[in-house]
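Q: So the protein lines, in turn, are chains A and B. When the letters of the first sequence are read in order and numbered with the working numbering, they come out as residues 1 to 398. When the letters of the second sequence are read in order and numbered with the working numbering, they come out as residues 1 to 397.
Read the hints as simulated data drawn from the structure, not as lab findings. Take these hints with a grain of salt, some might be off.
Stated by the list, open to error - Straight line, CA to CA, 27 Å or less: simulated DSSO-like cross-link-like pairs of lysine-lysine: (1) Lys102/A to Lys357/A; (2) Lys40/B to Lys244/B; (3) Lys23/B to Lys40/B; (4) Lys244/B to Lys186/B; (5) Lys84/A to Lys23/B; (6) Lys102/A to Lys23/B; (7) Lys255/B to Lys144/B; (8) Lys201/B to Lys144/B; (9) Lys102/A to Lys40/B.
Claimed, not checked - Covered by chain B, per the in silico footprint, the following chain A stretches (three or more residues, Cβ under 8 Å): (10) 68-79; (11) 97-104; (12) 114-123.
In this text, a Cβ means the ideal position worked out from N, Cα and C, and glycines have one as well.
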Amino acid sequence: MSDGGSVVEGFADYVDGETAIIHRVALRLSPDRLTLIQPDGGSEDWVADDLREVPDQADPSMLVLSRAGNPVARLYVTDGEISKLLRRNAPALHRRPPIENKPRIAAWGLGAVASVALIIFVLVPVMANQLAEFLPPEGEKALGDATFEQIRTALGREDFLPVETCEDPAGLAALAKMEARLGAAQDLPYPVTVTVLDHELVNAFALPGGRIVIFRGLLEMAASPEEVAAVLAHELGHVVHRDPTRDALRLAGSIGVLGLVFGDFAGGTVVLLLANELINAQYSQAAETGADDYAHALLTEAGLPPSALGTFFARLKDEYGDAEGIYAHFSTHPQMTARIEAALEAQTQAERAGELKDPVLTPAEWADLRAICGPSKPEPDPKIPGNSKGEPSRLGRG
Amino acid sequence: MALRDLTTDYAGRGAPMFRLALKTGALTVLTLGFYRFWMKARIRRYYWSAIRPGGHPLEFVGRPTEMLTGFLTAVVFLAFYIGVVNLILMFFSFSVFKGEAPAYLLSFIGLVPMFFFAHYRARRYILARTRWRGIRFALEPGVKGYVWRATLWWLATILSVGILWPVKTFELEKYRTDRTWFGDQKFEQTGGRWSLMGAMKHVYLAAALILCGIIAATALDEPVWLAASAMGAIWAVLGLAYWKAESFKRLTEGKVLGDAGLRSHPRGGRVLGVYLLGGLAISALLTALLIGLAVGLGLVFALVDPAMIEAGFKDLGDLANLPAWVATLFALAAYFAMFLFWGVLREVFITMPIARHFAETTEVVNPDALNAIRQRPRDEFAEAEGFADALPLGDGI
Numbered sequence: 001m002s003d004g005g006s007v008v009e010g011f012a013d014y015v016d017g018e019t020a021i022i023h024r025v026a027l028r029l030s031p032d033r034l035t036l037i038q039p040d041g042g043s044e045d046w047v048a049d050d051l052r053e054v055p056d057q058a059d060p061s062m063l064v065l066s067r068a069g070n071p072v073a074r075l076y077v078t079d080g081e082i083s084k085l086l087r088r089n090a091p092a093l094h095r096r097p098p099i100e101n102k103p104r105i106a107a108w109g110l111g112a113v114a115s116v117a118l119i120i121f122v123l124v125p126v127m128a129n130q131l132a133e134f135l136p137p138e139g140e141k142a143l144g145d146a147t148f149e150q151i152r153t154a155l156g157r158e159d160f161l162p163v164e165t166c167e168d169p170a171g172l173a174a175l176a177k178m179e180a181r182l183g184a185a186q187d188l189p190y191p192v193t194v195t196v197l198d199h200e201l202v203n204a205f206a207l208p209g210g211r212i213v214i215f216r217g218l219l220e221m222a223a224s225p226e227e228v229a230a231v232l233a234h235e236l237g238h239v240v241h242r243d244p245t246r247d248a249l250r251l252a253g254s255i256g257v258l259g260l261v262f263g264d265f266a267g268g269t270v271v272l273l274l275a276n277e278l279i280n281a282q283y284s285q286a287a288e289t290g291a292d293d294y295a296h297a298l299l300t301e302a303g304l305p306p307s308a309l310g311t312f313f314a315r316l317k318d319e320y321g322d323a324e325g326i327y328a329h330f331s332t333h334p335q336m337t338a339r340i341e342a343a344l345e346a347q348t349q350a351e352r353a354g355e356l357k358d359p360v361l362t363p364a365e366w367a368d369l370r371a372i373c374g375p376s377k378p379e380p381d382p383k384i385p386g387n388s389k390g391e392p393s394r395l396g397r398g
Numbered sequence: 001m002a003l004r005d006l007t008t009d010y011a012g013r014g015a016p017m018f019r020l021a022l023k024t025g026a027l028t029v030l031t032l033g034f035y036r037f038w039m040k041a042r043i044r045r046y047y048w049s050a051i052r053p054g055g056h057p058l059e060f061v062g063r064p065t066e067m068l069t070g071f072l073t074a075v076v077f078l079a080f081y082i083g084v085v086n087l088i089l090m091f092f093s094f095s096v097f098k099g100e101a102p103a104y105l106l107s108f109i110g111l112v113p114m115f116f117f118a119h120y121r122a123r124r125y126i127l128a129r130t131r132w133r134g135i136r137f138a139l140e141p142g143v144k145g146y147v148w149r150a151t152l153w154w155l156a157t158i159l160s161v162g163i164l165w166p167v168k169t170f171e172l173e174k175y176r177t178d179r180t181w182f183g184d185q186k187f188e189q190t191g192g193r194w195s196l197m198g199a200m201k202h203v204y205l206a207a208a209l210i211l212c213g214i215i216a217a218t219a220l221d222e223p224v225w226l227a228a229s230a231m232g233a234i235w236a237v238l239g240l241a242y243w244k245a246e247s248f249k250r251l252t253e254g255k256v257l258g259d260a261g262l263r264s265h266p267r268g269g270r271v272l273g274v275y276l277l278g279g280l281a282i283s284a285l286l287t288a289l290l291i292g293l294a295v296g297l298g299l300v301f302a303l304v305d306p307a308m309i310e311a312g313f314k315d316l317g318d319l320a321n322l323p324a325w326v327a328t329l330f331a332l333a334a335y336f337a338m339f340l341f342w343g344v345l346r347e348v349f350i351t352m353p354i355a356r357h358f359a360e361t362t363e364v365v366n367p368d369a370l371n372a373i374r375q376r377p378r379d380e381f382a383e384a385e386g387f388a389d390a391l392p393l394g395d396g397i
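Chain B with its partners taken away, still in its complex shape (with noise of 0.2 Å):
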């Protein structure tokens, strides 16, 4: 009997995840950084039990402690090349070049391995860490080849002018595709080497519109033709949401687990909608917050020294008097508030539309392959995601 596909539900709502989101973020600040670790894992967990395919939960069970220890296995290392190295690029680029610039660059470019090692030993840990129907997902080792790999496709993208992109997508996460397990049953990434090229067309013809009109105004000396320019550079905006989209729908589908496969039919409207809602959203509410606290500002003085706020007033110009800490005081409040409702709202406006869409629009095909799957037992990893945590890599959970 073949059972009919899972649909997945979502079932993360905006509330609790400020909330969460909130009260994690305000610990991390107050601890100077180093709550960030329980955060992580308190918001992924949340955030893998809200996508439930047929029902059921994925879960997350990183542990902040193990995530702490790869850290400072991170630090250990990554202190030793950070300071050491960047510490003679800096001698040899002033006393060679007569300038810092080039040994930023060195500095960037003996980063950018490190970056693709961090990102794959980071994958690989959020599946070990990652379960659905009480089996473990995992990643293999094989970093190695992920690295060179990346430098490469990375390489080709760059002289490609990034034309070779989504080629590029595409065979970094087939690498990664091809290794990953669910319990006892092994990924395979189908789909040809170009299959992602069509999902970007509207990125190169937009492209293509916007360097036709360069050309023509400076050829013709006809500025008129940079409305062509300016039209394709709204086409780009629609094009990377129909990239995001299609990229997403072609990759996923292209993965088959065994007998059991996957369907994905996100829209690309939808995810430039919740870009500019949240993005709109997000903006009001922080001009909100920030007058909200001037207000309090306000409120506070007006209780402990009603004079001055009299004074001020009367003439504008008497605030700049405001004694220096309370200036201090402000800018600081202002500035942590502000970073912190920035990641909140982000999370709660744009990352979790984003995930719900996608979760939403996806299904399991032929999921009754899926009994035949046993587990795996745990992979131990005790680096967890260290240098990718040390690394500003950027790319949220």
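This is chain A alone, in the form it adopts within the complex (with noise of 0.2 Å):
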């Protein structure tokens, strides 16, 4: 290794892995091996392609140089000249060895997401889907309400003040005018309460304990007031099925876990989210049917059309188009067009027992719930980017 073929010579530290004292040897660095020599003359060679590097130390002047197959004897070597032309020369200074228990690793890894995959689709939501079923009435409410004020703050605006309610009195009338004609409260061992937040979001959702969170986004968008009364049903449907309940009993449970997988890094919270959204959506296509059968017959036997839930997702299908392909993935709910159609098959029922009656609400009506956050605003915010646009309606639990 030594240019020219000659020989080097000069003196390192050595320490043999068997005792800590340290033995100061000669070397003699030749054209393919470095052969130290004891004070008492003894002598071993490290053959060139033997000799590692160990790596990232933190003094540039010392080359710290193990022999391959024995992991405990280290050679420290700051003689410039040696060090200089090992580093120049030595082949395989910088080999890694090789990874040891691959199979052993491959199998924890499979092990762990193997598990981790049971706990959070299968284990968590059933104990979720049974304990929900258990949970009393006031512990819901109690969850629902924990769940609001956090929704609320997450939304707010860039002064960190949660979204303001929306509490006009005539509105809050006809609010109440449509709640009492769906008449939902009956299956329900809480009242329903029903709250209008002042955010352009298309969106409404249910939270446990039969909270009812629509934006106003969702009143401007709605071209009559059926569509809100159906949206309404939708939602009364996801409260009585306790859905809200079951997703935030599975949140409590899957959040943590994912937060273990990724770790305290930056990336780990949107991969949560995205992780979180994608179990979301798995899980709860069953739900949205559900609610969507229960708001058609709810909507029926109120007398209202359950058509409305239809032109309103027609509505929304035009402005962002059908969930399909990889974003049906992330939307929770099943594609829009069979929603569609299968609130016309309940309008052609309802038609042919001849149920409808009067609309849900007076025009008068109709335009102050419309303004129930007061005089009809502006375009959406513009410093608030993405939620305007882009965002598809998830029309459903938040």
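Two chains, two frames, a set of hints: combine them into the complex.
A: As structure tokens, then:
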């Protein structure tokens, strides 16, 4: 390894990995080997191909060498010329030791993935479903109230104030009339609380304990009060089926596990949210269909047109497109075309039975409801990107 | 012949550490966190090799793959615990207490022994993978005894409103040190249970001063007494720096390795200086980074769409009309950059200077006693530090 075939000599510190004694050894660097000569005359050859540099050393002026096949012996070379020659000529100085136990790592990896998947996709959902049935109504309400405050804060603006609730008295009266007409409270152990949030999202969702939240954006998008009533009926379906309670319990279980897997680094947050979306989507398509069916029945019973749910979805579809392909994975809702058809089917049946009655609100009341957040507002606040456009409506649970 | 005491050199430098931490940190972010085992191994190798008692570096020989396996092991256990137990706790909390706070509290209390468990096991792994002069360190198995002692001493500390903190620190350090080996030689932690109380004296006095100030201000209804509390607060900061240096000194000098020992003389003022100057440097650099990012964004715009910039400068309000994806992209880039650089700068300006100071002020006494020490077998310990990795223990390296 020395240049030109000559022999270079020097000294270095050597530890044999058997005792803590530092041996000062003489070095002889020949073209194909490094010879260590002990003070007592004994010598040891380290052939060029076996020389390894211990990586990531803080001191650049010291070359720490090990010998392939010997995990403990170390040679601390501070001789500048020998270090330079070794660094330049030793053929395998930076070769890494082979990764041991590859099958073991793979087995543990698979085991970990499988058990986490089992916990998140099977165990936690099953337990959440069971426990949701046993949660007393007051517990559900407490859970819903806690979630509601979190959502209000999360939707807050740059001043970090929670989003306002809309409380115009005339609007509230119109909303109350709509609720009464639907009359879903009979199926529930607690009163239903409908709240309108002053936010431009076209969305509505149900929370545990009979709390339903509608965004101002949805009121603005709806063409008739029947459409709002239809959405309300859909959300009532979720409440009656206790879907939000299940969701909240499942979230409590799964979010911690996901946090565990991805650790506390920056990207973790994004992955966490994405993964949770996916779990949600997988899980609740059946829940959405169930809520739709409930809405159709409830609307028919109240003498309202079930097709309103369909026309509202059709408008969403025109605006945002159907959720298909990869997007459908991340949408909690079955494809809208199917839902629109289901609503029209329910309409046909209701018409045949002759059950349709008066509109849910008078035009004046409808105007009041739309103005529940105060006089109509200008276009959405441009400082909040991504909320008004681009985000498909995630009509359903938050 | 008695050799001279071995002083410790410190070979760590800011620039290489900056490069190493930045490179490995960026890879960690890009791989959604899975590179962190490699990052840890490399950064530890650097830190260990920087500490050179008698001119011979420490070496960290832990492998990223074993850390990964250990982590996976821990995930299997913890996923079950966290998933199922959290869910049940949440259920009971809402059905019995009508709120979520009890669930968080119970869940946390349930995790506390797990933290102590993880802490001891991580220490065992790190020592088993640390060598000096080719000889392995080790920590005996003994996590059960550690968990109940730690639980008890922490409870005592909390019940004594922190007064017993030095006792807790000493007792837990003694438990660990008395089970630590260097080759075939066992360490012993000498010094009594109360030996660290003196290191905390400034903090006690400062706390008393703060308390007196508040009592006097309330009792006499004269807010001017709060000035005493303010002085106490400053004193407390100085006192904490003193505690950090003095407790290190007392614990280190109390460690005996056969006939060899350690001597240490770190200075509280230096510790405080590192934190103050380091904090200042970090905030200045992060601010500069943010400004740099904004300028970079502006340049990109200037190249892509000059008209937009022009409009933006004419009326700052127009900047709000930026397309949503641009704002999102900028926010994401800024977030990741800040996160990454915060970690990197902390290594360079806080962790390394503190390590340097403690290393350079520590000496090995009677080092010829070390020559009798022989190697010990390798502690395979497949679990590595998986539990500490999965739980946010937050004690850096």
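Q: All the hints need checking, so say for each whether the structure fits it.
A: A quick look at each hint next to the structure:
| no. | hint | result |
| --- | --- | --- |
| 1 | Lys102/A to Lys357/A | violated (71 Å) |
| 2 | Lys40/B to Lys244/B | holds (25 Å) |
| 3 | Lys23/B to Lys40/B | holds (12 Å) |
| 4 | Lys244/B to Lys186/B | holds (26 Å) |
| 5 | Lys84/A to Lys23/B | holds (26 Å) |
| 6 | Lys102/A to Lys23/B | holds (26 Å) |
| 7 | Lys255/B to Lys144/B | holds (23 Å) |
| 8 | Lys201/B to Lys144/B | violated (32 Å) |
| 9 | Lys102/A to Lys40/B | holds (20 Å) |
| 10 | 68-79 | holds (count 5) |
| 11 | 97-104 | holds (count 4) |
| 12 | 114-123 | holds (count 5) |
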